[in-house]
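2 protein chains.
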Amino acid sequence: MDKLGDHISHQFDEELEEIRNRVMQMGGIVEQQLSDAIKALTDRDEALAEIVVTSDYKVNALEVQIDEECTQIIAKRQPAASDLRLVIAVIKTITDLERIGDEAERIGRMAMHFAEAKSDNKMITGIIHLGERVHHMLHDSLDAFARMDVERAIEVAHQDLKIDKQYESILRELMTYMMEDPRSIPEVVNMMWSARALERIGDRARNICEYVIYLVKGKDVRHISLEQVERDTRKE
Amino acid sequence: MDKLGDHISHQFDEELEEIRNRVMQMGGIVEQQLSDAIKALTDRDEALAEIVVTSDYKVNALEVQIDEECTQIIAKRQPAASDLRLVIAVIKTITDLERIGDEAERIGRMAMHFAEAKSDNKMITGIIHLGERVHHMLHDSLDAFARMDVERAIEVAHQDLKIDKQYESILRELMTYMMEDPRSIPEVVNMMWSARALERIGDRARNICEYVIYLVKGKDVRHISLEQVERDTRKE
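First to last, the sequence lines map onto chains A and B. Residue 33 in the numbering used here sits at position 36 of the first sequence, and the numbers go up by one each step. Residue 229 in the numbering used here sits at position 232 of the second sequence, and the numbers go up by one each step.
Fair warning: there could be bad hints in the mix.
No distinction is drawn between identical chains; accordingly, a pair holds when it is met within one copy or between any pair of copies.
Dumping the calculated SDA-like pairs for lysine to any residue here, alpha-carbon to alpha-carbon at most 20 Å [said to hold, decoys possible]:
1) 162 to 186
2) 55 to 222
3) 214 to 58
4) 214 to 68
5) 36 to 75
6) 55 to 18
7) 214 to 64
8) 159 to 222
9) 162 to 99
10) 214 to 72
Rather than coming from a laboratory, the hints here were simulated on the basis of the structure.
Full structure from sequences and hints, please.
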């Protein structure tokens, strides 16, 4: 683990710690949004879906606030090396968290439609399963962020491949449904958007893992293969 | 327009200018990617589509490079106020540009499918029209960035509403096609993804406009309505 401390200013340490806590707080809300959205889909719970849709403002407010704190820290403390990387990783992480919140809101909207419709439960099973896997990945990526654990981050980033495969298989299944029963098209298209939203959340959770690697290793891994990063990490 | 100059260090000015030029260079490549992707769709040009799909690495490389330069500038120059805002706006802008490149790549992939398929030209007309509008908006948002023109940025951000409306209407049209001819479903679903990719590019172009406003006004406008920003800008 990287040493983030050793500052002359004790207050600076506290500010950095405060920012990390804020990110975890924002991550917790976003995670809750996602699990509520999936639960609303599963239980056809319109009231819960509405809560998801209407509480995105909390995530937005936190993003603006943390962003502002980061800017102030850079201006006031002029951090260098790993501290600066932390602040920049935070700025990037909260952007992804905010967008995950947007996707959860989208899923919440779909859940509101499903709650009204009389659709086949069978169709939705795959999406719920995908949702659980994505939620798991988001949780783990935030965990890797909290611990600044590079190996865990690499491991979690790998989960994105499985999510992509499962997503592709759901799409094929949904297309078959549509072809078999064209009247189901509008509803199945809605499900496709939900599946897509989940797949995108997986991408963003992977981004968060990559920021952890960047933060600890000082290496930008966004456009390198995970295998390469893994090899490099083992060598060190 | 904001005064970005007045530095003791002439070299610092040059570095900031260099970063802005880099962003414009990256923006130019992304714009080209998008217009090539749309052209490949229009002309069913498989070779051009392939160029779009295989040249995303240029955009990725530029993102990593500019990001690195920004981090170094912060560490070395410890910029304050408007200079710091510029650097942070650049970090955010290039993230959006890179994702626009990803979406253009996706459209390129769809264009490769269309080039092979014998699909109805009628279906694709709406998407091409949307593509042109989105390309226009991206161009204008980069223009607002280059000039640091807040009023233009507000105006351009407004275009996103029209894009969203056009996108919704294309979706309705595509769903009707699918219901009328279920055999067309796999291909129409591909078109839906293209339309979605274009809509997302519109969102990201809007983000760029918002960074311009943030940069010049020092106000975070991401979660405020454009009308509010417009009123505030007029008041000043």
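Going down the list of hints, with the structure as the test:
1. With identical chains, the CA atoms of residue 162 and residue 186 are at most 20 Å apart both within one copy (19 Å) and between copies (18 Å).
2. Taking the closest pair of Cα atoms, residue 55 and residue 222 come within 20 Å of each other only across two copies (16 Å); inside a single copy the shortest separation is 35 Å, beyond that limit.
3. Taking the closest pair of Cα atoms, residue 214 and residue 58 come within 20 Å of each other only across two copies (19 Å); inside a single copy the shortest separation is 30 Å, beyond that limit.
4. Within a single copy, residue 214 and residue 68 get their C-alpha atoms only as close as 23 Å, which misses the 20 Å cut-off; across copies the closest is 15 Å, which meets it.
5. Neither within a single protomer nor between protomers do residue 36 and residue 75 lie at most 20 Å apart by alpha-carbon distance, with minima of 44 Å and 47 Å respectively.
6. Taking the shortest Cα distances, residue 55 and residue 18 sit within 20 Å of each other inside one copy (16 Å), while across copies they are farther apart (36 Å).
7. Taking identical chains as interchangeable, the C-alpha atoms of residue 214 and residue 64 lie at most 20 Å apart only when they sit on different chains, with a minimum of 16 Å there against 23 Å within one chain.
8. Taking CA atoms no more than 20 Å apart as the test, residue 159 paired with residue 222 passes inside one copy only; the shortest distance there is 15 Å, against 38 Å between copies.
9. Taking CA atoms no more than 20 Å apart as the test, residue 162 paired with residue 99 passes between copies only; the shortest distance there is 19 Å, against 23 Å inside one copy.
10. When the C-alpha separation of residue 214 and residue 72 is checked against a cutoff of 20 Å, the pair qualifies only between copies, where the shortest distance is 17 Å, while the shortest distance within a copy is 24 Å.
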